[in-house]
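As a plain string of letters, each chain reads:
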Amino acid sequence: MENNYHFSEESINSSISFRSLVNATSYPGRHFQITKLKKPNILSNAAATILITLCDNESNVYLSKDFSTDEVKDWLIFNTGAIVSDKQNADFAVGDWESLLPLDEFKTGVPEYPERSATLIIEESNYKKIKCNINGPGIKDKLQIELPNPELFINNSHLYPLGLDFYFTNDLDILSIPRSTKISVTNSEY
Amino acid sequence: MNDMSKDKNIDIQIYNFAYLDENTKRMIRRALLKALCIPGYQVPFSSREMPMPYGWGTGGIQVTSACLIPKDVLKVIDQGADDTTNAVSIRKFFQKTANVAVTEKTSDASLIQTRHRIPETKLKEQQILVYQVPIPEPLRFLEPRETETRKMHALSEYGLMFVKLYEDIAKHGHIETAYAYPVKTNGNYVTDPSPIPKFDNPKMNNNPAIQLFGAGREQRIYAIPPYTNVKSLDFEDYPFEAMKANFKCSICGSSDSYLDEIIVSDDGKRSYICSDTDYCKEQTQLNSKEEDQ
Numbered sequence: 013m014e015n016n017y018h019f020s021e022e023s024i025n026s027s028i029s030f031r032s033l034v035n036a037t038s039y040p041g042r043h044f045q046i047t048k049l050k051k052p053n054i055l056s057n058a059a060a061t062i063l064i065t066l067c068d069n070e071s072n073v074y075l076s077k078d079f080s081t082d083e084v085k086d087w088l089i090f091n092t093g094a095i096v097s098d099k100q101n102a103d104f105a106v107g108d109w110e111s112l113l114p115l116d117e118f119k120t121g122v123p124e125y126p127e128r129s130a131t132l133i134i135e136e137s138n139y140k141k142i143k144c145n146i147n148g149p150g151i152k153d154k155l156q157i158e159l160p161n162p163e164l165f166i167n168n169s170h171l172y173p174l175g176l177d178f179y180f181t182n183d184l185d186i187l188s189i190p191r192s193t194k195i196s197v198t199n200s201e202y
Numbered sequence: 051m052n053d054m055s056k057d058k059n060i061d062i063q064i065y066n067f068a069y070l071d072e073n074t075k076r077m078i079r080r081a082l083l084k085a086l087c088i089p090g091y092q093v094p095f096s097s098r099e100m101p102m103p104y105g106w107g108t109g110g111i112q113v114t115s116a117c118l119i120p121k122d123v124l125k126v127i128d129q130g131a132d133d134t135t136n137a138v139s140i141r142k143f144f145q146k147t148a149n150v151a152v153t154e155k156t157s158d159a160s161l162i163q164t165r166h167r168i169p170e171t172k173l174k175e176q177q178i179l180v181y182q183v184p185i186p187e188p189l190r191f192l193e194p195r196e197t198e199t200r201k202m203h204a205l206s207e208y209g210l211m212f213v214k215l216y217e218d219i220a221k222h223g224h225i226e227t228a229y230a231y232p233v234k235t236n237g238n239y240v241t242d243p244s245p246i247p248k249f250d251n252p253k254m255n256n257n258p259a260i261q262l263f264g265a266g267r268e269q270r271i272y273a274i275p276p277y278t279n280v281k282s283l284d285f286e287d288y289p290f291e292a293m294k295a296n297f298k299c300s301i302c303g304s305s306d307s308y309l310d311e312i313i314v315s316d317d318g319k320r321s322y323i324c325s326d327t328d329y330c331k332e333q334t335q336l337n338s339k340e341e342d343q
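Going down the list, the protein sequences come from chains D and Y.
If you use this note's numbering, the first sequence corresponds to residues 13 to 202, in order.
If you use this note's numbering, the second sequence corresponds to residues 51 to 343, in order.
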C-alpha cells in the first residue's frame, strides 16, 4: 500500500494477487510470486497478500502465537474486517509450522460441505524439511518438494474430499499443497 | 455524441475494475480457490444480479470478473463462435469495465469465457477457461431435492446416474446423451461439464489449462484443475465414444473439428461448418498457404 493507494488500485492489486493464488492453487508444488505491499513486519508479503485478498467480515482468522500481536490484529481488522478467532473456528490460519500443530484441531469440512474447512498459511521457518514426491490434480506426472512432517500431509490427503488446504509463504514466494495432492516420502531413512 | 464516453478512463472510474465490487470478488475468490482444491465439487456462492438476464452467462461473467487482471487478453465464445450476440456483448462488457485487450485467437488469449464449447486449439498452462453453466447439478433431473443430491455426492452414491445411462442403452441400444455428458472428476465427484457436446469431453481430461465453472442462477462454482483425471461415465461393454457429424467442414475442409449443421436452401439442403470459428479461420489460412506453395 503506497500513500497514493486508492480504490481502483486496490482493485487492480487484488486482482493480480488473486491470479497468483489461482495459479499456485492450480499447480500445486510450484512457486509463484506475489507483489509487495505495506504490512506488519512479522508477516511475509505473500501471507499478508493472501489475507488481504481473500478475507472479509465473514472470515475467521487464527493467528498463531508469534503472529498474534496487536500490530497484526489491527492491520488485519482495519484492512479486511476479519474476525480474529480460535483454531477450531478458523477459516484461515497463519503461523510458522511448529506453532500451527497439532493440525487436527482445525476444521476439515463435512461430507455435504467439504469446503467448510481451514486454509493454512505456513510462514517459512527453520523446520525440518523432508523430500517428498507429490502427484495429483494440477501436477503433470510428479514433482519433488520438501515438506515438514510429511505424515501429516499424507493423513490430510487421506481425508479427501475433506481436509485442509495449505499455502507455504516465504517473502514474495507462494506454494500450495491442497488436500487433493498425494504425497509419498522418497527418502527411505525417514 | 458525448465526448466523455470516448474516454475509456471515465468508464473505469464509474465501475470498479471488471465491474464487481471488492467484497463480492473476495467471496467469489474464496469459493474459486476451494473449488480448485476439491475438483468437481460444487461450491455454493451468493451470486449477484448482473446487468444481463439469467441464462446469458451471469455465472461465467462473475467468475471472469473475479479472475481478470489488466494485462489479460480476453476471448469470449458462444457455441464456438466469437461473433454471436452473447459473445460480443460479454466481450464489450469487459472492454468497457476492465479495459482489457480482446482477441479471437485461442492461442493468444489468457482467459477464455465459453458457452457450450471447448476450443479445438489445444489450451496451454495458465490459460483459464471459464464455462457458463445453466444446471451445475448433474443429478438434478434424476433427483430434484438439493438436500438429497448433496447427500448423494457426499456418499459417492451415483447408482441412479448409471441406471439412467443403462436405461438409455436398454431403450435405444446406445447412450442417448449427446451433450452435458456427465463426467467423474479426479475419481470422486460426478460433474456436469456444462452443455458442451460430448465430442469435447475428452479435452477436459488432463488439460494443462485451468477450467472454472460458474452457474449464476443456481449459485454454484466448481473447477477442474489442470492435469486432472476427467472420465466420461460409461460401461465396460458400452465404452464412451466422442461423436461428431461424419462430414467435412464446407469452409475449411477439416474433418476432425466439431461441426454445426446448417440449412442452406429452401428445399432443406444441408451443409456443415466448423462450430469453432477461430479454428476454421486458421485452417482456411493454412490451406491457402499450402496452395500458394
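These are calculated hints, taken from the structure and not from any lab test.
Honestly, I wouldn't trust all of these hints.
[Unchecked claim] If you want a taste of the chain Y side facing chain D, the calculated C-beta under 7 Å gives, among others: (1) 64; (2) 67; (3) 74; (4) 76; (5) 79; (6) 89; (7) 120; (8) 123; (9) 174; (10) 184; (11) 185; (12) 200; (13) 277.
Cβ coordinates follow ideal geometry from the N, Cα and C atoms, glycine included.
Status of the hints after comparison with the structure:
1. 64: 11 Å, violated
2. 67: 4 Å, holds
3. 74: Violated - the Cβ of residue 74 of chain Y stays beyond 7 Å from chain D, reaching only about 10 Å at its closest.
4. 76: OK, holds: residue 76 of chain Y within 7 Å of chain D, min 5 Å.
5. 79: It holds, given that the least Cβ distance between residue 79 of chain Y and chain D is near 5 Å, below 7 Å.
6. 89: 5 Å, holds
7. 120: At 6 Å from the nearest chain D Cβ, residue 120 of chain Y passes the 7 Å test, so the hint holds.
8. 123: With Cβ-Cβ at 13 Å, over 7 Å, it is violated.
9. 174: 12 Å, violated
10. 184: At 22 Å from the nearest chain D Cβ, residue 184 of chain Y fails the 7 Å test, so the hint is violated.
11. 185: 19 Å, violated
12. 200: With Cβ-Cβ at 5 Å, under 7 Å, it holds.
13. 277: Because about 5 Å separates residue 277 of chain Y from the closest Cβ in chain D, which is inside the 7 Å limit, the hint holds.
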